[in-house]
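K.L.:
Based on the provided sequences and hints, a complete structural model is requested.
The letter at position 731 of the sequence shown is residue 721 when you use the numbering used here, and the numbering goes up by one with no holes.
It should be emphasised that the hints constitute simulated quantities derived from the structure, not laboratory data.
A hint or two may mislead.
Okay, derived cross-link-like pairs now, BS3-like style, lysine-lysine, Cα gap no bigger than 30 Å in a straight line [claimed, not checked]:
{"id": "1", "residue 1": "K644", "residue 2": "K692"}
{"id": "2", "residue 1": "K917", "residue 2": "K862"}
{"id": "3", "residue 1": "K109", "residue 2": "K159"}
{"id": "4", "residue 1": "K956", "residue 2": "K888"}
If you're wondering where the values come from, they're calculated on a predicted model, not measured in any experiment.
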Amino acid sequence: MALYRIYSSLFLFLLHTLLDCQALRNYPDNEVTLLDSMSAPGDLGWEAYPSEGWEEISVMDERNIPMRTYQVCNVMEANQNNWLRTALIPRAGARRVYVELKFTLRDCNSLPGVPGTCKETFNVYYHESDGAVPPPPLRHARESQYVKIDTIAADESFTQSDVGERVMKLNTEVRHIGGLSKRGLYLAFQDLGACIALVSVRVFYKRCPLAVTNLALFSDTVTGGDQALVEVRGSCVEYAEELEAPRMFCSADGGWLVPIGRCVCRPGFEEIDGQCQPCRPGFYKASAMDAYCMKCPSHSYSHQDKASECVCERGYYRAETDPRSMACTRPPSSPGNPISTVNETAVTLEWSPPRDTGGRGDVTYSVHCRKCSGSVGEMVEKCVPCGSSAHFSPRQFGLTHPRVQVSELQPRTNYTFSIEAVNGVSDLSPSPRHLVNINITTSQTVSVIVKERRSRDSITLAWQGPETSDGAVVEYEVTYYEKNQRDQNYTVLKTKSNIMTVEGLKPGTTYVFRVRAHTDGGYGNYGGEIELETRHEDMLAVGDPNQNTILAVSIAAGVVLLILLVACFVVSGRHCGYIKAKQDPEEEKMQFQHGRVPLPGSRTYIHPHTYEDPNQAVRDFAKEIDVSNIRIERVIGAGEFGEVCSGRLRLPSKREIHVAIKSLKAGYTEQQRRDFLSEASIMGQFDHPNIIRLEGVVTRCKPVMIITEYMENGSLDTFLKKHDGQFTVIQLLGMMRGIAAGMQYLSEMNYVHRDLAARNILVNGNLVCKVSDFGLSRVLEDDPDAVYTTRGGKIPIRWTAPEAIAYRKFTSASDVWSYGITMWEVISYGERPYWEMSNQDVIKAIDEGYRLPAPMDCPVVLHQLMLDCWEKNRSDRPKFGQIVINLDQLIRNPSSLKQLANSTVWEDPVTPEPAFSTVADWLDSIKMSQYKEHFSSAGYVSLDSVLYVSVSELGKLGVVLAGHQKKILSSIQCLHVQQQQQQQQGTQVQV
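P.N.:
The following block contains the structure:
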């Protein structure tokens, strides 16, 4: 017993030398303590058996804070079995708890005279209970009544010398208990003969603490059992709303993982330091999707905070369709400088745009017509609306150009035209509209043939002049041509008399004559057509008595034609043997000819829609092939109108060639047949090594077919994806040069492609690229890159120039924009332009000046050429001829291709300078942001977690392009180097 007292006093002395115990009471935020023996306000009161076993003692630490502990040191007696049991510890909903033990233990070898039964371990047990029935008293305790947690051994034990030197050797052991389900548990400690002191017993569970991520609040969450993740739904912070349901996972070790979804600040609030703060006066935020509050646009204000839009100043307005970020505008001023040109019963009105457009670009014009009687000075009081009698070309309202032609007016009538300029906010203004007026007077129009005289080679005409006119007749114009030859040739004669003899005609030939008067008021309308036939060789002379009969018949025909004057006027405009399309002076000109094959050497494209009979266009430009000369071998795809097959074509006296065959599916309509064959009508006009060649068509039997040359390697985009990274820059440059040469030929033919993209380029066995897809009607319903426009058509947004998207203004310059996108596809081996951005995001980004970055390993000069093609002002873009010359120079000078656009990023991977701390930032820095969701969904949320990603794992993540895999793996190598450098620096600091 004396020896026990000595050891006990030494033990207490050691407890007095404990380190600052306050530090032992500082626990991590993600741990919730259920029991802490060091923080108990009074005696612990745990049950011990036998009484001479475990003993509760109380000491003061260096801060005079009481500290209670249990000790046992019955080492001098054999067969020890000392039990100590805590009170009931509530589980508080945790299914997994941790037991942290801090204890000291005396080395048995340092105790002289102690028998060999001395131990240096003790056992820890637990017993679950609902609290209604207490466990059996310890005097009846059996090990079978408890679940053993573990046998605890000390990492370090103390000796007598340690006490003398005041050396603290405190052991800490942590064990966990899983699968708990009852209200609480008891802990039990079994000593079998050791000299130990329990300095601290703490029972706790882990939780994921309260966190705010992506403006979502995630409350304290108890971790799941074992390694299970607990999914937690977050709630938006104040003044925020859900964009996508915010969720996170609480891991078993009390950490938040994989944030999904987010909240955004409501209109009128912006995110600052993880909270939604109101917009200041003078600022606003219109949409929750906007990141920050913006300053009020011009002519608007917000006097209060939390503004979601700014109010327009007095006299300024914002249309319902205007974005809230747009400045407030006002109606335009009146048009200026009105000019009228009267031509009998037609008038052309022109004016200049308003000086003040109100700050908008959507100015249009409307023309109001009033028919007046009386003198000019009395017009205002005697004018009535023109109604539907006047015809406006192109239209009366919504004119985009300051010009209109008004026809079918009444002769000798006064008219007043009021022209107004309107814009998107004109209807919102209570002020009267600003108008400009033009007064005109029409003149007499009709000239009528009243008699004629014919001979073998001449016809003499006589006619009546206008009954009234705006002045004397200056001259008459006589037009004639052979019947059924109008589109080939006609003759115009002029005379000041109302009688004319037309000579040099063919005997026995029918001619068509028309006459109109030219007065001071301009040219009148033709007075109707009359057909007259010259006499045959064997017919009577002019003086023959039958001549009177012929003259009478001719006069009667003239009267009938006078009745049909209006119908004749409709066709009177066709007098020049060709039809010329109206042209926008800013557009690339597209000339159309009707019914006539272009002369040899001509480079003018002829639009099939100019033919009254589309079948004639097919006959003019496509060769008919006998179906017996075609042998279909296999189906290679499906086109817009039916299957696409490969096969053989053998023409007489020619060798058999490999061809592609497009067939028109059964059940087609006549319109579908025309649309199908229109591509052949277009393709047949082209002859260039970089344009797909038309071999011919089959139209005389079913199915209808289009036969073209066969391109072994298919579409360019698919071909590039299949051979990712396998070509040299010069080979890719050759492909781009071929496409540019084909487009140069088309632009010189005045043909605008409208859908240039790698998918519409075909590649043959020699890697020659040829432009294809010349269909006038393209079905794009299943194309995710196409969207509806206001005019009903669909446009491939990612390849289309901004002016073509906004205004349907397709030109060779818009084809150049598309060519730049195609270049990007080639260099990136068929990567999708703008990646996973939505079409609307693409349109917005381009409008804000964003342009596609250089693909990996792209030479600087090629990316610069792409940027030139993507100039916002179409006049600043290069012509296709200039592009071909530029590419030829690069091919001849390969050294100019050595400098890569992204070489500054990857030149020196040994000395990287990271500017990111998360996986998302890292992917942004290497321009691989399209894979953020792929990495996040797979659980890669820290930079350390991606250090050991392999090629196969990238494939599982959805990164399948070889170029992208190479880029990501190269960056991971850089991350490895950074980590090694940081570890070396840390080692140096420790040394």
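K.L.:
A separate judgement is required for each hint: does it hold in the structure or not?
P.N.:
Structure-based check of each hint:
Between the alpha carbons of K644 and K692 the distance comes to roughly 25 Å, so the proposed pair stays at or under 30 Å and holds. Taking the CA atoms of K917 and K862, the gap is near 23 Å; set against the 30 Å cutoff, the hint holds. Straight-line distance between C-alpha atoms of K109 and K159 comes to about 18 Å, which keeps the hinted pair within the 30 Å bound. This hinted pair checks out: K956 and K888 have alpha carbons roughly 19 Å apart, not beyond 30 Å.
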